[in-house]
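*Asks:* Going down the list, the protein sequences come from chains A and B.
Just so we're aligned, residue 1 is where the first sequence starts under the UniProt record's numbering, counting upward by one.
Just so we're aligned, residue 1 is where the second sequence starts under the UniProt record's numbering, counting upward by one.
These are calculated hints, taken from the structure and not from any lab test.
It is possible that some hints are incorrect.
Stated by the list, open to error - Chain B is nowhere near these chain A residues, computed Cβ spacing over 12 Å in every case:
| # | residue |
| --- | --- |
| 1 | E16 |
| 2 | A132 |
| 3 | M159 |
| 4 | D174 |
| 5 | F203 |
| 6 | A207 |
| 7 | E264 |
| 8 | D271 |
| 9 | W299 |
| 10 | F305 |
What the hints assert, rightly or not - Below, a sample of chain B positions facing chain A; criterion: calculated Cβ distance under 10 Å:
| # | residue |
| --- | --- |
| 11 | Q27 |
| 12 | G29 |
| 13 | Y37 |
| 14 | F155 |
| 15 | D179 |
| 16 | F234 |
| 17 | A268 |
| 18 | G277 |
| 19 | R294 |
| 20 | L327 |
| 21 | D336 |
| 22 | I404 |
To be verified - If you anchor each label on the Cβ, the simulated ranges turn out as follows:
| # | chain 1 | residue 1 | chain 2 | residue 2 | range |
| --- | --- | --- | --- | --- | --- |
| 23 | A | G394 | B | D228 | 53 to 61 Å |
| 24 | B | R154 | A | N66 | 35 to 43 Å |
| 25 | B | S138 | A | V383 | 39 to 47 Å |
| 26 | A | D217 | B | R162 | 33 to 41 Å |
Because the structure is a prediction, the values reported are computed rather than measured.
Glycine included, C-beta positions come from ideal geometry on N, C-alpha and C.
2 protein chains.
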Amino acid sequence: MTSPQDPSSGATQLDERPWEEMLRLAQEGTHVQLEEYVSHLSSADQALALSRLDEDEETQVLEAMNAADAAELISHLPEIEAARMLALLDTSTAAAIVQELPSDEQADLLGDLSDEQAEAILEELPQEEAAAARELSSYEDDEAGGMMVREMLRFNDSMSVRDVIQDLSEHGEDYSDIDVRYAYVCDAQDRLVGVLPMQNLLFVKRAERLSDLMIRDPLSVQATASLDDLIELFDAHNYLAVPVVDEQGKLQGIVHREAVQYEETRAAESDYLKSQGIVGGEELRTMPLWLRARRRLSWLSINVFLNIGAAAVIAYFQDTLQAVIALAVFLPIISDMSGCSGNQAVAVSMRELSLGLVRPTEMLRVWWQEVSVGLINGSALGVLVAIVAVMFNGNPYLGIVVGIALFANTIVAVSIGGVVPLLLKRFGFDPAVASGPLLTTVTDMCGFFFVLGLATMMLSKLI
Amino acid sequence: MTSPQDPSSGATQLDERPWEEMLRLAQEGTHVQLEEYVSHLSSADQALALSRLDEDEETQVLEAMNAADAAELISHLPEIEAARMLALLDTSTAAAIVQELPSDEQADLLGDLSDEQAEAILEELPQEEAAAARELSSYEDDEAGGMMVREMLRFNDSMSVRDVIQDLSEHGEDYSDIDVRYAYVCDAQDRLVGVLPMQNLLFVKRAERLSDLMIRDPLSVQATASLDDLIELFDAHNYLAVPVVDEQGKLQGIVHREAVQYEETRAAESDYLKSQGIVGGEELRTMPLWLRARRRLSWLSINVFLNIGAAAVIAYFQDTLQAVIALAVFLPIISDMSGCSGNQAVAVSMRELSLGLVRPTEMLRVWWQEVSVGLINGSALGVLVAIVAVMFNGNPYLGIVVGIALFANTIVAVSIGGVVPLLLKRFGFDPAVASGPLLTTVTDMCGFFFVLGLATMMLSKLI
Numbered sequence: 001m002t003s004p005q006d007p008s009s010g011a012t013q014l015d016e017r018p019w020e021e022m023l024r025l026a027q028e029g030t031h032v033q034l035e036e037y038v039s040h041l042s043s044a045d046q047a048l049a050l051s052r053l054d055e056d057e058e059t060q061v062l063e064a065m066n067a068a069d070a071a072e073l074i075s076h077l078p079e080i081e082a083a084r085m086l087a088l089l090d091t092s093t094a095a096a097i098v099q100e101l102p103s104d105e106q107a108d109l110l111g112d113l114s115d116e117q118a119e120a121i122l123e124e125l126p127q128e129e130a131a132a133a134r135e136l137s138s139y140e141d142d143e144a145g146g147m148m149v150r151e152m153l154r155f156n157d158s159m160s161v162r163d164v165i166q167d168l169s170e171h172g173e174d175y176s177d178i179d180v181r182y183a184y185v186c187d188a189q190d191r192l193v194g195v196l197p198m199q200n201l202l203f204v205k206r207a208e209r210l211s212d213l214m215i216r217d218p219l220s221v222q223a224t225a226s227l228d229d230l231i232e233l234f235d236a237h238n239y240l241a242v243p244v245v246d247e248q249g250k251l252q253g254i255v256h257r258e259a260v261q262y263e264e265t266r267a268a269e270s271d272y273l274k275s276q277g278i279v280g281g282e283e284l285r286t287m288p289l290w291l292r293a294r295r296r297l298s299w300l301s302i303n304v305f306l307n308i309g310a311a312a313v314i315a316y317f318q319d320t321l322q323a324v325i326a327l328a329v330f331l332p333i334i335s336d337m338s339g340c341s342g343n344q345a346v347a348v349s350m351r352e353l354s355l356g357l358v359r360p361t362e363m364l365r366v367w368w369q370e371v372s373v374g375l376i377n378g379s380a381l382g383v384l385v386a387i388v389a390v391m392f393n394g395n396p397y398l399g400i401v402v403g404i405a406l407f408a409n410t411i412v413a414v415s416i417g418g419v420v421p422l423l424l425k426r427f428g429f430d431p432a433v434a435s436g437p438l439l440t441t442v443t444d445m446c447g448f449f450f451v452l453g454l455a456t457m458m459l460s461k462l463i
Numbered sequence: 001m002t003s004p005q006d007p008s009s010g011a012t013q014l015d016e017r018p019w020e021e022m023l024r025l026a027q028e029g030t031h032v033q034l035e036e037y038v039s040h041l042s043s044a045d046q047a048l049a050l051s052r053l054d055e056d057e058e059t060q061v062l063e064a065m066n067a068a069d070a071a072e073l074i075s076h077l078p079e080i081e082a083a084r085m086l087a088l089l090d091t092s093t094a095a096a097i098v099q100e101l102p103s104d105e106q107a108d109l110l111g112d113l114s115d116e117q118a119e120a121i122l123e124e125l126p127q128e129e130a131a132a133a134r135e136l137s138s139y140e141d142d143e144a145g146g147m148m149v150r151e152m153l154r155f156n157d158s159m160s161v162r163d164v165i166q167d168l169s170e171h172g173e174d175y176s177d178i179d180v181r182y183a184y185v186c187d188a189q190d191r192l193v194g195v196l197p198m199q200n201l202l203f204v205k206r207a208e209r210l211s212d213l214m215i216r217d218p219l220s221v222q223a224t225a226s227l228d229d230l231i232e233l234f235d236a237h238n239y240l241a242v243p244v245v246d247e248q249g250k251l252q253g254i255v256h257r258e259a260v261q262y263e264e265t266r267a268a269e270s271d272y273l274k275s276q277g278i279v280g281g282e283e284l285r286t287m288p289l290w291l292r293a294r295r296r297l298s299w300l301s302i303n304v305f306l307n308i309g310a311a312a313v314i315a316y317f318q319d320t321l322q323a324v325i326a327l328a329v330f331l332p333i334i335s336d337m338s339g340c341s342g343n344q345a346v347a348v349s350m351r352e353l354s355l356g357l358v359r360p361t362e363m364l365r366v367w368w369q370e371v372s373v374g375l376i377n378g379s380a381l382g383v384l385v386a387i388v389a390v391m392f393n394g395n396p397y398l399g400i401v402v403g404i405a406l407f408a409n410t411i412v413a414v415s416i417g418g419v420v421p422l423l424l425k426r427f428g429f430d431p432a433v434a435s436g437p438l439l440t441t442v443t444d445m446c447g448f449f450f451v452l453g454l455a456t457m458m459l460s461k462l463i
């Protein structure tokens, strides 16, 4: 990456253990040296370094920096980590840092603190900012209110171009962190009445009124609009931001496209973690051991009971198994392969649901599309495992039993894997979380039943 | 969502089967009626409707629309679907649609077509645009060259503010689709020398030269910069776009923040699909059946051989199993529970790697963090399964065998699950793809070995 503004970054990024230098500078150096060192680290290395310190050391580093730089530093951390560090600091330091964050990040972090901690920090903030943060943190992270910022250009419709240009030159400093491509125009009752692309001001006389220049009846959303609504909106329109209004049409803030994309990425990552059994959709190894163990165990406990249910099928057929012990060798293969086939179908259903290419009601359609694949792959796998079985103990009937069982169970697995996510979505459950264990349990039960049931029927041929 | 510009959308979105109306209008209506109907569908419904038509019908719809609206319509589809539809159209229609797409989407789509198809379309494009598209499609989708667009404001450093304003008012129409917040300033040799925030022009005299107003030595990237480089850059800087230069510093295009975020989301989704055994990271059920079956089967075949390897452990201990048939009931539980524990560890390692909170070399650190959780959860699960085993056949030694085996194998599973993604990443493999099967196979082998090995040692107590 060409970066002529920052010629020294190559050298400092070589640090093997940046947290040690960070701590040393916090303890021995000036805050300017510390801030300069941190600013030369990549944002990933900043997050890495800070998360490697213990709680005392983290506090020392954050307290040694000025609030704006500390805010910048913790904004590179995962939200849950940033909130944890904020809780370590004394209230006035924490409040100073919070004040430097954009309003949506303020709200997210305060929402992750305990009510007392959040309240203590809010009391240190200027009254207006505290009221705003209180209101924003009442929204979920993934609705428009939780993603919006209050930092924007906002003018009254009676202002002239000259008034705006004067305001810009007087408040240039305040506006340095905000997106000044668009201004939002309100009437005397604070109701949003127009949007003004700022570059248009280049073309007009300075005496003109904003009400004559603005785009009227602009698109807007309510603070309760969902992430899906916003994804849809930014997909359909090439906007950088969309204004948020309350029920009276009063302008509350704007949601930037990048905030929506950030939440979309976060939701995808969280879905992946949930689908792998990380309850809550987030775990970092810096989190307390007991919390990590307990959350993982809650998932494992559900699975162990489901597994015991499936194992009951084996127990039921113990006599058959005793008579043909070779079957025991093939039970885990049937179980595992059906799990693999089913997971593939789950993944494709999740993808099509997220793209909107399938509706939750179209179960029959998905089922048939999966069965077509299942017939082909089930045949291939069934023949393959049948050959292995015959080679294993020379009895062709063992091959027939395990081959047919794997064929049949592949079709069961892709059917369940394809349809269950739609069903869960339709009834308001999270398909990422619940598909896996349901799938595994049912396919295990069916698979064991097919192998052992068939074997029981053909027992005379197998012994 | 408040949408005063579009009062009718509520009514038309109720269509159960929008593809039927779409086809009817393509066959019987005017292109204006068709375009209006399509524009009232949400972008997800547009994608859904188009993908539900057969190939002839898709062609009829796309050919009935004007090229700009057809381009808008196919841009809502997953890339692979959009390319497939483009390939169905006659070359001149396809070329007209391609011409309406932004340059990065042109390059992505052409890259997904066969060389002959892409070449045929390129020959129909204006020479300059074809050359540009040829060059862009030589880059991977996830490097800066593949994400950049050529649509931008680009001025010479000798121009005055007056020249720029005159250019804007003359070419306003051409600039309607591009981001005019920043202009990029080049010298006479086309080398990037500055960036100009357009709103600054509001504050200056019209006779001033751009070279005196622009921000000099702007940040830029090479066309080969990776997705990770760009994520890092946009994370560290609050820019909307970054200019791309060649080795001589000549301006090639700009990469928008949203293009980077789109690729980031796509990469996360693709990782999820790969981790579930969807080879290539993409499958839609509209893809040809044999392709879907073949790709899924390629993954299943690897797994079946790995499974047979694990089953060989059971075969080796057949005599023990014959003697204590109750063990067969518990083998799938051990295998499945260890798989669950291991997957949790894989997911957390993937998350920490993607956040940069762990480096691929820090295997020992991760191993220890996982073992701590494994000791707790392994004990809990081991005791639970031991109790079930004792309840099942009344022999306390059966409980001891399966309990110890599950305890030990949970530790094996979280160790492998935590460390293998780091190892794969370190040696340049894709951790999302390879972690799963490696984990399952090794944990199955160990789990079966623990249960059956322990049982063999304690055989006299178990019978």
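*Asks:* Kindly indicate which numbered hints from before are broken by the structure, ordering the numbers from low to high.
*Replies:* 1, 5, 7, 8, 9, 10, 11, 12, 13, 14, 22
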